[in-house]
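Starting from the known structure of chain A, arrange chain B with the ligands on it as the hints suggest.
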Amino acid sequence: MNWFTNTLGSSIGKKLMMAITGLCFCGFLVVHLIGNLTLYGGKDFFSAYVEHLHSYGPLVTVAELGLLALAIIHVLTGLTLFFGNLGARPEGYKVNKNAGGRTIGSLTMPYTGILLLAFIVLHLIQLRFVNYDETMTVFQNVSNTLSQPAYVIIYIAAVIVAAIHVSHGFWSAFQTLGANHPKYMPLIQGVGIVFSLVVGIGFGLIPGYILSL
Amino acid sequence: MSETINLTLRVWRQKGPRTQGSLETYKAIDISTDMSFLEMLDVVNEELTVDGKEPIAFDHDCREGICGMCGVVVNGRSHGPEKGTTLCQLHMRHFSDGDTIFIEPWRSKAFPVIKDLAVDRGAFDTLIQAGGFVSVNAGGAQDANCLPVPQEDAEKAMDAAACIGCGACVASCPNASAMLFVGAKVSQLALLPQGKPEAAQRALSMVRTMDELGFGNCTNERECEAECPKEISISNIARLNREYFKAGLFSSVM
Ligand code: SF4
Ligand code: FES
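These protein sequences, in sequence, are chains A and B. Residue 98 is where the first sequence starts when you use this note's numbering, and the numbers rise one by one after that. Residue 155 is where the second sequence starts when you use this note's numbering, and the numbers rise one by one after that.
Do not rely on the hints blindly, as some may be mistaken.
As the list claims (entries may be wrong) - In silico BS3-like links for lysine-lysine, alpha-carbon gap of 27 Å or less: (1) A:191 - B:400; (2) B:237 - A:191; (3) A:191 - B:169; (4) A:280 - B:350; (5) B:350 - A:191; (6) B:400 - A:194; (7) B:181 - A:280; (8) A:191 - B:310; (9) B:310 - B:263; (10) B:169 - B:181.
Bear in mind the hints are in silico, worked out from the structure with no lab data behind them. Every value quoted in this text rests on a predicted model; they were computed, and no experiment measured them.
Pulled out of the complex, with its shape left as it was, chain A reads as follows (with noise of 0.2 Å):
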């Protein structure tokens, strides 16, 4: 198995883990955005998506302990790359400019994704340990949450973040897995962007919805 490591611990092979990883999150933003859609249809359609999810049980688990270990490989992998990045530039230029690559997405990786890591505990501590029954409901909680304006500047904050980190993180997940072509580099680049604004404006309007009931 020392191949395996070997090709995986190198700068590329953490690259592709990072693109995984990455990707995986990036269908269960989907996954997670198209449940909460559901709030729009109302109380009880959200509560019936909260039990239908219940209903599948001991899979549940399984889904979060899967999302865990994504999280913990791409978070120590980002967090590597990073100090490693900073060490292969011990001293600094005094003038810097953008040569037209970069982007505010990519100029901002390593950063909106510790946010990111913060909101989501934070996040986790709100919403999913909390002990749900009849007098305290998910929709309860939900509602409740996003009528602490406080919440709802972090929430919105968060989910600008986390546009801004898929911005970049979409295509170059692609690029690393070496899909560059020149057929479909354009569309993975522009579903990048139409991704990462569906993510801000669909889990941005959620506490609105709520605050407007």
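Chain B with the ligands alone, transformed into the frame defined by chain A:
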């Protein structure tokens, strides 16, 4: 009639590899806009020499954009602000009278400063050595066209082979990564039948050596592609990644 301009230079001066350096200020007076950037530095150096001062050390050789020796960071841009241009081919007409120009050496752990603006790019030679050899049949010349190469592949290999090894990709990469250089070197051989037998060995060995030499990790910032004087495309980096995965996961090379 050529125009002349006056400039203020802020140049990185550093006596040796292990000494502290700093930005020093110089005046460049009556610079013809037809001069190249290196010729402008020559003028400044002549004056420094006449004044009994140490001239500014910088690398150069062909001065016609083909050897890859020249290169400094001008106002934060590798080889200056013009696209697809080496420093020796950058002309002073791209600057205006009264400009202040910051001139710094390539910055990377793998390219230590030797003196002033000259850096040691020996790491690139080590990388080329790590690439190894290609098998070419000895003996009488082969019949023409007995090794067919599609025109498109030949073009792509030529595009990759245009890399002059200047190091601007490393210098301009926010992570000081050498992926564009290695991508170009791996691609030019991976695309041709002559390079195929050793392709797996070459990809693994070059990537491992690249990591050992202290280059950073690529995060697809695309600054290298924007700054490369030969406009090498990052599709070569994608090809390097493919060659690496193929070699690491599916070849029998360890
Ligand atoms: S890829 Fe471009 S920037 Fe990098 S060494 Fe080759 S010619 Fe210079
Ligand atoms: S001196 Fe040869 S490329 Fe500039």
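Consistency of the hints with the structure:
no.	hint	result
1	A:191 - B:400	40 Å, violated
2	B:237 - A:191	22 Å, holds
3	A:191 - B:169	18 Å, holds
4	A:280 - B:350	25 Å, holds
5	B:350 - A:191	44 Å, violated
6	B:400 - A:194	36 Å, violated
7	B:181 - A:280	50 Å, violated
8	A:191 - B:310	37 Å, violated
9	B:310 - B:263	31 Å, violated
10	B:169 - B:181	20 Å, holds
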